[in-house]
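In case you want the letters, here they are:
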Amino acid sequence: MGKRWLGAVIPVGVLVSWEAAWHIENVRMESLSRPWDVGLALFHGLAGGEFLIATAETFQAALLGFAIAAVIGLVAGVVLGLLPWLESVVGPSIDAMRPVPSVALIPLTLMIFGFGVRMEAAVVAFACLWPILIVTISAVRGIDTALLNVARVLEMSTYERMVKIILPAALSRIAVGLQLALAISLVVAVTVEIVLNPRGLGHGMMSAQQAMRFDQMYAQLLWIGAVGWGLSYGSQVLLDRWSPACRADRAKERS
Amino acid sequence: MTRNRRWLSRFGAIIFALFLLAVWQILAALEVISPLFFPSPLRTLSELWSQITSGRIWTPFSSTVVRMVYGWLAASLLGVVLGALIAGSRFSKLLLTPMLEFIRPMPASAIIPVAILAFGLSNRMSTAVIAFGSIWPVLLAAIQGFSTVEPRLYEMADAMRMSAWDRFRKVSLPGAMPDILAGARVGLAVALILAVVTEMQASLPGLGQSILMAQRSFRTPELYAGVIMLGAIGFGASMLLQWVERRLLRWRSAQ
Chain A
1 MGKRWLGAVI
11 PVGVLVSWEA
21 AWHIENVRME
31 SLSRPWDVGL
41 ALFHGLAGGE
51 FLIATAETFQ
61 AALLGFAIAA
71 VIGLVAGVVL
81 GLLPWLESVV
91 GPSIDAMRPV
101 PSVALIPLTL
111 MIFGFGVRME
121 AAVVAFACLW
131 PILIVTISAV
141 RGIDTALLNV
151 ARVLEMSTYE
161 RMVKIILPAA
171 LSRIAVGLQL
181 ALAISLVVAV
191 TVEIVLNPRG
201 LGHGMMSAQQ
211 AMRFDQMYAQ
221 LLWIGAVGWG
231 LSYGSQVLLD
241 RWSPACRADR
251 AKERS
Chain B
1001 MTRNRRWLSR
1011 FGAIIFALFL
1021 LAVWQILAAL
1031 EVISPLFFPS
1041 PLRTLSELWS
1051 QITSGRIWTP
1061 FSSTVVRMVY
1071 GWLAASLLGV
1081 VLGALIAGSR
1091 FSKLLLTPML
1101 EFIRPMPASA
1111 IIPVAILAFG
1121 LSNRMSTAVI
1131 AFGSIWPVLL
1141 AAIQGFSTVE
1151 PRLYEMADAM
1161 RMSAWDRFRK
1171 VSLPGAMPDI
1181 LAGARVGLAV
1191 ALILAVVTEM
1201 QASLPGLGQS
1211 ILMAQRSFRT
1221 PELYAGVIML
1231 GAIGFGASML
1241 LQWVERRLLR
1251 WRSAQ
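Protein sequences appear in the order of chains A and B.
FYI, in the numbering used here the residues of the first sequence are 1 to 255.
FYI, in the numbering used here the residues of the second sequence are 1001 to 1255.
Keep in mind the hints are simulated off the structure, nothing from the lab.
As the structure is a computational prediction, the values presented were derived from the model and not from experiment.
A virtual CB, placed ideally from N, CA and C, is assigned to each residue, including glycine.
Accuracy of the hints is not assured; some may be wrong.
[Unchecked claim] Per the computed footprint, the stretches of chain B lying under chain A, defined by three or more beta-carbons under 8 Å from a beta-carbon of chain A, are: (1) 1088–1100; (2) 1114–1124; (3) 1198–1212.
[Claimed, not checked] Covered stretches of chain A, as calculated for chain B (at least 3 residues, CB under 8 Å): (4) 4–14; (5) 66–76; (6) 147–154; (7) 168–175; (8) 207–218; (9) 227–241.
[Said to hold, decoys possible] Looking from chain A toward chain B, a few residues come up when the C-beta cut is under 8 Å (computed): (10) VAL89; (11) VAL90; (12) GLY91; (13) SER93; (14) PRO107; (15) PHE115; (16) GLY116; (17) VAL190; (18) THR191; (19) ILE224.
Bound-form chain A, shown alone:
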């Protein structure tokens, strides 16, 4: 890959022509702030700490919702994965609830919790629950039955079987589900903030737009993009390092 720099051609080209257009009298549009101003706003937002506070608020709600969904999803997923008959009984009810778009719960959670971190986390938890639950069920079901037989022969207790056999065997697939849910949690948290919750990154962007501070709006958009990218990159690195099974799979794919 000696031609990495090619990836920078379009972004840099857009920025340069945008900046250039700003200097031509008739082409200039106030709603497209000058890239230089956007850069300045980004710098001031980060240096002044406003962006960081907003990011912390967003992550607080996103991670709280993610944690709730992870606990419920893992426990329910392992149980349903081990007991196919129970899954066939409960499954259709789950399938009926799953297609409800998470944002449809915004008015409901607003009514129950009011504005703030709790309503946001509730919507995030609903959105994150399904991928974790589904992946966990199929991961547990995909465990080699020989392993389960070993547990039976060794007369392991339920707890031992869980910790020594089931979780390690299903972990690498579950981790992928958790990674997906983590990405979803940030997306949903920002969405709730943009729609109506007055906190965090999403609200910062909406209020910059309403205050006609377009340079700040674009700066925050860039920052949200960077945060989203950082989260997805970070979770990928974590996954690679943490789970040897994933690493082996990837090595196989590459060769």
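Chain B: place on chain A using the hints.
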């Protein structure tokens, strides 16, 4: 024997769903949570029924569906075309992949303030946001699908002196179709979410706006009815696409 068991599990599934409804009814009757937030299922369902029979629900219902389908169709077509172009040449892959990798994890709703600036609080804004958000699953799946078409099929096409268009239509597209359809199904779920979000944010007619209005005036049964309808849209859309998938990919099962 297996048939018996299937009927038994289906029966169990219905019993379990009824059991959930009964728990909901009892909790509502005991007023554990204020009935203001938590109407009984009977009240909710009778509200839903009266909205369906009086026809009041169809106007917002169809606006939301039309909005979702427009944005999703635009995204899917564009996603397939872009995906074919990116997968087709190494140069465009190097040129575009880094930028796509940056934009992809960004919450699609973060584009809403910018879209409002560009298009105002209009249907075009909502279509643009939906298309922007739901293009990623299709695009990534299309790139994946087009790059993994069996190379020997291309050799065949060359040997038969197919024109470029025939090659695309008869070899590339069918080869990539399974991936594209899977991506399109994810895209459709995203499209529904963004349709609801833009309706709430910009007060555009549709179920998203209806449920937010219902919440503001504390007409809770109407809110629940709207959420159920949104779930039904998500469920119906996904069923429809699965059916299309089975029909379009029938040739594969013959292999």
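Verification of the supplied hints:
Counting residues of the segment 1088–1100 of chain B whose CB falls under 8 Å from any CB of chain A gives 7; the rule of at least 3 is met. For a cut-off of 8 Å, the count of residues in the segment 1114–1124 of chain B with a CB near a CB of chain A stands at 4, and the three-residue condition holds. With 6 residues having a beta carbon nearer than 8 Å to a beta carbon of chain A, the segment 1198–1212 of chain B meets the requirement of three or more and the stated coverage holds. With 7 residues carrying a beta carbon less than 8 Å from a beta carbon of chain B, the segment 4–14 of chain A meets the three-residue requirement, and the given coverage holds.
Counting residues of the segment 66–76 of chain A whose beta carbon lies closer than 8 Å to any beta carbon of chain B gives 0, which falls short of the minimum of three for the stated coverage. Coverage of a stretch by a chain is defined here by at least three residues with a beta carbon nearer than 8 Å to that chain's beta carbons; for the segment 147–154 of chain A and chain B the count is 0, and the condition is violated. For the segment 168–175 of chain A, the proposed coverage by chain B is not satisfied: 0 residues have a C-beta within less than 8 Å of a C-beta in that chain, short of the threshold of three. Check on the segment 207–218 of chain A: 5 of its residues sit with their Cβ under 8 Å from a Cβ of chain B, so the three-residue criterion for coverage holds.
With 4 residues bearing a CB less than 8 Å from a CB of chain B, the segment 227–241 of chain A meets the requirement of three and the coverage assertion stands. Restraint check, A:VAL89 versus chain B: the minimum CB separation of about 4 Å is within 8 Å; hint holds. For the restraint placing A:VAL90 at the interface with chain B, the shortest Cβ-Cβ distance is roughly 6 Å, inside the 8 Å limit, so the hint holds. Of the supplied interface hints, the one on A:GLY91 holds, with its beta-carbon coming within about 7 Å of a beta-carbon of chain B, less than 8 Å.
Because the smallest distance between the Cβ of A:SER93 and any Cβ of chain B comes to about 5 Å, under 8 Å, the interface hint for this residue holds. Hint status for A:PRO107 relative to chain B: holds, with the closest Cβ pair at about 4 Å, below 8 Å. A distance limit of 8 Å between C-beta atoms decides the matter here; for A:PHE115 the minimum to chain B is near 13 Å, and the interface restraint is violated. At its closest, the beta carbon of A:GLY116 sits 16 Å from a beta carbon of chain B; the interface hint therefore is violated under the 8 Å criterion.
For A:VAL190, the interface hint holds, the least distance from its beta-carbon to any beta-carbon of chain B being 4 Å, beneath 8 Å. With its C-beta approaching chain B no nearer than about 4 Å, A:THR191 sits inside the 8 Å limit, and its interface hint holds. Taking 8 Å as the C-beta cut-off, the interface hint given for A:ILE224 holds, the closest approach to chain B being about 5 Å.
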